[in-house]
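Asker: So you can see what is in the structure, the chains are spelled out below.
There are 2 protein chains.
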Amino acid sequence: MTATAAGKRAEPAPHEGDDPCPIGAASEALFSRWTSHVLWTLQHEGRMRFGDLRARIPGVTPKVLAARLRKLERDGLVTRTYHREMPPRVEYEATDLARTLTPVFRMLAQWSERHLDAVRTARSEFDARDDR
Amino acid sequence: MTATAAGKRAEPAPHEGDDPCPIGAASEALFSRWTSHVLWTLQHEGRMRFGDLRARIPGVTPKVLAARLRKLERDGLVTRTYHREMPPRVEYEATDLARTLTPVFRMLAQWSERHLDAVRTARSEFDARDDR
Chain A
1 MTATAAGKRA
11 EPAPHEGDDP
21 CPIGAASEAL
31 FSRWTSHVLW
41 TLQHEGRMRF
51 GDLRARIPGV
61 TPKVLAARLR
71 KLERDGLVTR
81 TYHREMPPRV
91 EYEATDLART
101 LTPVFRMLAQ
111 WSERHLDAVR
121 TARSEFDARD
131 DR
Chain B
1 MTATAAGKRA
11 EPAPHEGDDP
21 CPIGAASEAL
31 FSRWTSHVLW
41 TLQHEGRMRF
51 GDLRARIPGV
61 TPKVLAARLR
71 KLERDGLVTR
81 TYHREMPPRV
91 EYEATDLART
101 LTPVFRMLAQ
111 WSERHLDAVR
121 TARSEFDARD
131 DR
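Note that the protein sequences, when read in sequence, are chains A and B. For the first sequence, counting from 1, position 100 maps to 100 in the numbering used here; every step adds exactly one. For the second sequence, counting from 1, position 15 maps to 15 in the numbering used here; every step adds exactly one.
Check before you lean on any hint, since a few could be wrong.
Among the chain B residues that face chain A by a calculated CB cut under 8 Å, a handful are [what the hints assert, rightly or not]:
no. : residue
1   : M86
2   : P88
3   : R89
4   : E93
5   : T100
6   : V104
7   : H115
In silico lysine-lysine, DSBU-like type, Cα no more than 35 Å apart, as pairs [what the hints assert, rightly or not]:
no. : chain 1 : residue 1 : chain 2 : residue 2
8   : B       : K71       : A       : K63
9   : A       : K71       : B       : K63
10  : B       : K63       : A       : K63
Keep in mind that the hints were calculated from the coordinates and are not lab data. Backbone N, C-alpha and C fix where the C-beta goes; we use that ideal spot for every residue, glycine too.
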C-alpha cells in the first residue's frame, strides 16, 4: 500500500515520504470542511446546479463552495458540465469514483449514530473542567 | 439519526439544524488536518509523549499538534496524563472510544489502496487541461 500523497501538484502534500498513516491522503482528499457534505448531497439528490447545491448546505459561502467543487472536480469525484444555453447553465454531478465512497460514508454514518453522543458527552465534561 | 453537532460550545457547529448529511458532524470531529494521523499513530504505537508523536508526523508544527491533541482530548478520543516527576512528563493515549474508529479507518485505508491512483490520475488530467 502506498500512503504518500504524490501527484498533488497544486498544493504540497502534508503526508509525504515515509508516512506511516495509510489514510492520511484519503482523509485529506475527502474530509476538508464541507467536502463530504457536497458529495453526500450530489450522490443522494443527483445532478444539481450551483445555487440548488448551495441551498442544501446551510452556512457555506459561495466562494468556499466553489473552491470545494473545484477541488472535488480536480480529484475526479465531481464533474462540472457547462450547457451553452441562454442564460448558460452549469451542473455538478458525482462521478462513478465518488460512488465507490458509498460504503465509507455509510460506515461513517453508522459510527456517528453509535458514538457521536459519547463525543458530545466528552465535550461537555471537558468544557466543565477546572483545569483546562 | 441525529446529524447535528449540538454540544459543541467552543466553536459553532457547521452542520446545525436540519442538516441532511449524517456524516458531517463525524467528519468534522475526525478529519480536520492531522487528526486522523494522530489517532492512527496513537492507536498503532500506543501511549506517547508529545515530542515522540511529533517526530512521527512529519510537517506538523508544535502549535498545530498541540491544538489537534486538545481537540481530540475534548472529543474524548485521546487522554492526556500529567506525571508529577522532575522533569514533568506528559503522555497521550488513544481512548476506548477512539478504538471504535478502527473499522472506519480500516475501510478508509482500503478505499485509498483501491482508488487513490484514480484520484491522482484525475488530478494530473485536470492540471493539464487548457480550460481550467
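Asker: Each hint should be assessed against the structure and marked as holding or not.
Answerer: Going down the list of hints, with the structure as the test:
Among the interface hints, the one on B:M86 is violated; its C-beta lies about 20 Å from the nearest C-beta in chain A, farther than the 8 Å criterion. Because the closest C-beta pair between B:P88 and chain A is about 14 Å apart, greater than 8 Å, the hint is violated. Taking 8 Å as the C-beta contact cut-off toward chain A, the hint placing B:R89 at the interface is violated, the least distance being around 17 Å. Of the supplied interface hints, the one on B:E93 is violated, with its beta-carbon coming no nearer than about 14 Å to a beta-carbon of chain A, more than 8 Å.
Given hint, B:T100 at the interface with chain A, holds; its Cβ is 5 Å from that chain's nearest Cβ, closer than 8 Å. For the restraint placing B:V104 at the interface with chain A, the shortest Cβ-Cβ distance is roughly 5 Å, inside the 8 Å limit, so the hint holds. The interface hint given for B:H115 holds, since its Cβ lies 5 Å from the closest Cβ of chain A, which is under the 8 Å cut-off. Restraint check for B:K71 and A:K63: satisfied, since their Cα atoms lie roughly 27 Å apart, inside the 35 Å limit.
Annotation: proposed proximity of A:K71 to B:K63 holds, straight-line Cα distance about 27 Å (limit 35 Å). A distance of roughly 28 Å separates the Cα atoms of B:K63 and A:K63; the hinted pair therefore holds under the 35 Å criterion.
Going down the numbered hints, you'll see the structure goes against 1, 2, 3, 4, while the others check out.
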